[in-house]
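The chain contents come next:
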Amino acid sequence: MSVDSETVRKIARLARIAVTEDEVPGLTEQLNGILGWIEQLGEVDTKGVEPMASVMPGHLRWRADAVTDGGIPDKVLANAPEATSGFFAVPKVIE
Amino acid sequence: MSNLTDLSLTEMKAGLAARMFSAVELTQAHLDAMAANRHLNAYIVETPELALAQAKAVDDGTRGGPLAGIPLGIKDLFATEGVQTTAGSAILKGFVPRYESGVTANLLRDGAVFLGKLNMDEFAMGSSNETSAFGKVISPWKARGSDAELVPGGSSGGSAAAVAARLCAGATGTDTGGSIRQPAAFVGIAGIKPTYGRASRWGTIAFASSLDQAGPMARSVSDCAHLLTSMCGFDDRDSTSLDLPVPDFAAGLTGAMKGKRVGIPAEYRLDGMDPEIAALWDQGIAWLRSEGAEIVSVSLPHTKYALPTYYIVAPAEASSNLARYDGVRYGNRVTPPGGNVHDMYAATRAAGFGKEVKRRIMIGTYVLSAGFYDAYYTQAQKVRALIARDFELAFQQCDVLLTPTAPSPAFAFGAKADPIAMYLNDVFTVPASLAGLPAMSVPAGLSASGLPLGLQIIGRPLDEMGVLDAGLAIERAAGFTARP
Chain U
1 MSVDSETVRK
11 IARLARIAVT
21 EDEVPGLTEQ
31 LNGILGWIEQ
41 LGEVDTKGVE
51 PMASVMPGHL
61 RWRADAVTDG
71 GIPDKVLANA
81 PEATSGFFAV
91 PKVIE
Chain X
96 MSNLTDLSLT
106 EMKAGLAARM
116 FSAVELTQAH
126 LDAMAANRHL
136 NAYIVETPEL
146 ALAQAKAVDD
156 GTRGGPLAGI
166 PLGIKDLFAT
176 EGVQTTAGSA
186 ILKGFVPRYE
196 SGVTANLLRD
206 GAVFLGKLNM
216 DEFAMGSSNE
226 TSAFGKVISP
236 WKARGSDAEL
246 VPGGSSGGSA
256 AAVAARLCAG
266 ATGTDTGGSI
276 RQPAAFVGIA
286 GIKPTYGRAS
296 RWGTIAFASS
306 LDQAGPMARS
316 VSDCAHLLTS
326 MCGFDDRDST
336 SLDLPVPDFA
346 AGLTGAMKGK
356 RVGIPAEYRL
366 DGMDPEIAAL
376 WDQGIAWLRS
386 EGAEIVSVSL
396 PHTKYALPTY
406 YIVAPAEASS
416 NLARYDGVRY
426 GNRVTPPGGN
436 VHDMYAATRA
446 AGFGKEVKRR
456 IMIGTYVLSA
466 GFYDAYYTQA
476 QKVRALIARD
486 FELAFQQCDV
496 LLTPTAPSPA
506 FAFGAKADPI
516 AMYLNDVFTV
526 PASLAGLPAM
536 SVPAGLSASG
546 LPLGLQIIGR
556 PLDEMGVLDA
566 GLAIERAAGF
576 TARP
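Line order of the protein sequences matches chains U and X.
Residue 48 in this note's numbering sits at position 48 of the first sequence; the count goes up by one each step and never skips.
Each number in this note's numbering corresponds to the 1-based position in the second sequence with 95 added.
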């Protein structure tokens, strides 16, 4: 499987990374280089093998459903590029 | 005492305890060395006032602990309260966390002094430190008869350079596919990645969550053992943190190899392997045999698939983890004139991420996208299971594995312009990362060009002690005393 320039534009859109038309040919070539290399995994017989999502199987813990944090809006907002009245602010979403 | 920075961490502990010098004197000696070596670009931020205040509190007796007064450098991947933390990325320039990471909080609890934040490959994606938005780190080492600048390895390249150049007693590193071990090997120091889950990931900026582990980098195995004991421990804020007691690794360290079985994986002897690396490996085998270990040949048949597996799993997780950098809650924002919120996301990420990070996010986005998920990501997770099973079977025949750390000594800047050539640097370190195993690199010799070479020891899950003991045996036998 190799990607064409249209697919690269689509991936960039999904990844929310603005890509200029000048960048598309180079990216297409680089991504195809890497994809061509990782495709060798297809030759491994994995019939009946369970996919491994974690090196610690079945380890995920539960914790008590209790509030353990909060009440620190100033700290939460301290690094926001834009914050007003205790909220994160973004460019207008609804016209 | 003139050369306080030349002492090992273990010697600094003893000297401070015996009041041969003060914590302030020890810290000041390091701050002076940092100021004299800024050309290495090892530190992104230096925090002299904070460091001296922490050291003074140790001298006053208001701070104590097993690492009281020990000056450390902190990789810029760890959130440090009140001190800029960037992960080496332009997108986080100016980000000042309001919280302390689990690992660094443990070190502060134990009395350590923080000298500053260490440079690194952007979001820990790189093996040469060339991807940092704060400029490349330069290794303090040079090849014999050459003046060419060399890479310190990566991604913990600032940590490696700072420890080797005596700009800190030890440093924190993180290892996703070899980012502690490969740079340690390149600069002639020791570094250990513990078992996945031993060190808290809370407050460590995420790259690939199923692989990321913190660990220490220092100038001896014993120094690493002291730091590892402090860095590890259960943290209920990290869902994969292991709720298990942490041994006192330094106290338990013996270096005894008698009766231990050391496995030599046949598949690591690659076609076209650098003869110097092969010779060093053979030397390491001979050293451990003469220490009384039994050498066993083992097979890890899926080794050749480890790198391509890693370069699906890690970018997939990265594409998800790095989605948080959207210019809303933290980090830098770019809004094109008249742009809406979607334009803002795309412009912010285009401006804030470097080339390698964008490449990996896009690979990750592609392998997780509809129609390709099973062929790439699910298949990679299955091969990962086979790689982990290879290790399980091998450890039925042996206690630790011995391999080279990296396929070559440190290289020059720009030498690996092709991404895949750069990825191949991690050929010996990535398999243990995929299996979540403890692994360390120990300096074992010099190349013909006079550059450090490391050997890697890989252990069973939770057997950091066995890894450190084998590391100490190598360290003693090698008697590595070369300095940059």
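There could be a bad hint or two in this list.
Stated by the list, open to error - Pairs of lysine-lysine, DSSO-like flavour, derived with a Cα cap of 30 Å: (1) X:K450 with X:K399; (2) X:K355 with X:K450; (3) X:K511 with X:K188; (4) U:K92 with X:K188; (5) X:K355 with U:K75; (6) X:K399 with U:K47; (7) X:K188 with X:K355; (8) X:K399 with X:K188; (9) U:K75 with U:K92; (10) U:K10 with U:K75; (11) X:K237 with U:K10; (12) U:K10 with X:K151; (13) X:K237 with X:K511; (14) U:K75 with X:K188; (15) X:K450 with X:K188; (16) X:K399 with X:K355; (17) U:K10 with X:K355.
What the hints assert, rightly or not - Residues of chain U placed beyond 12 Å of chain X at every Cβ, according to the derived structure: (18) G48; (19) V49; (20) T68.
In case anyone wonders, no lab produced these hints; they're calculated from the structure.
Quick caveat, the model's predicted, so the values are computed rather than measured.
Using N, Cα and C, we set each Cβ at its ideal position, and we do this for glycine too.
Does X:K188 lie within 30 Å of X:K399 when you go C-alpha to C-alpha? 38 Å, violated
Measure nothing beyond the straight line between the CA atoms of X:K237 and X:K511; if it is 30 Å or shorter, mark the hint as holding. 18 Å, holds
U:K75 paired with U:K92 [C-alpha distance capped at 30 Å]: The given pair, whose Cα atoms are some 24 Å apart, holds under the 30 Å limit.
If you draw a straight line from the CA of X:K450 to the CA of X:K399, is it 30 Å or shorter? 27 Å, holds
Holds or violated: U:K75 and X:K188, Cα atoms, limit 30 Å. 18 Å, holds
Verify this label for me: U:G48 is non-interface relative to chain X, using a Cβ-Cβ cutoff of 12 Å. The claim breaks: U:G48 does not keep its Cβ more than 12 Å from every Cβ of chain X (closest is about 9 Å).
Between the alpha carbons of X:K511 and X:K188, is the straight-line distance 30 Å or under? 27 Å, holds
Is U:K92 close enough to X:K188, meaning Cα to Cα at most 30 Å? 25 Å, holds
Are U:K10 and X:K355 close enough, with their CA atoms no more than 30 Å apart? 54 Å, violated
Reported absence of U:V49 from the contact zone with chain X (all CB gaps over 12 Å): Per Cβ check, U:V49 is inside 12 Å of chain X; nearest 4 Å; violated.
Verify the proposed pairing of X:K355 with U:K75, using a straight-line Cα cut of 30 Å. Status violated; Cα separation ~52 Å.
Hinted pair U:K10 and X:K151, Cα distance within 30 Å: Cα-Cα ~56 Å, so violated.
Violated hints, in rising order: 2, 5, 7, 8, 10, 11, 12, 17, 18, 19 and 20; the structure is consistent with all others.
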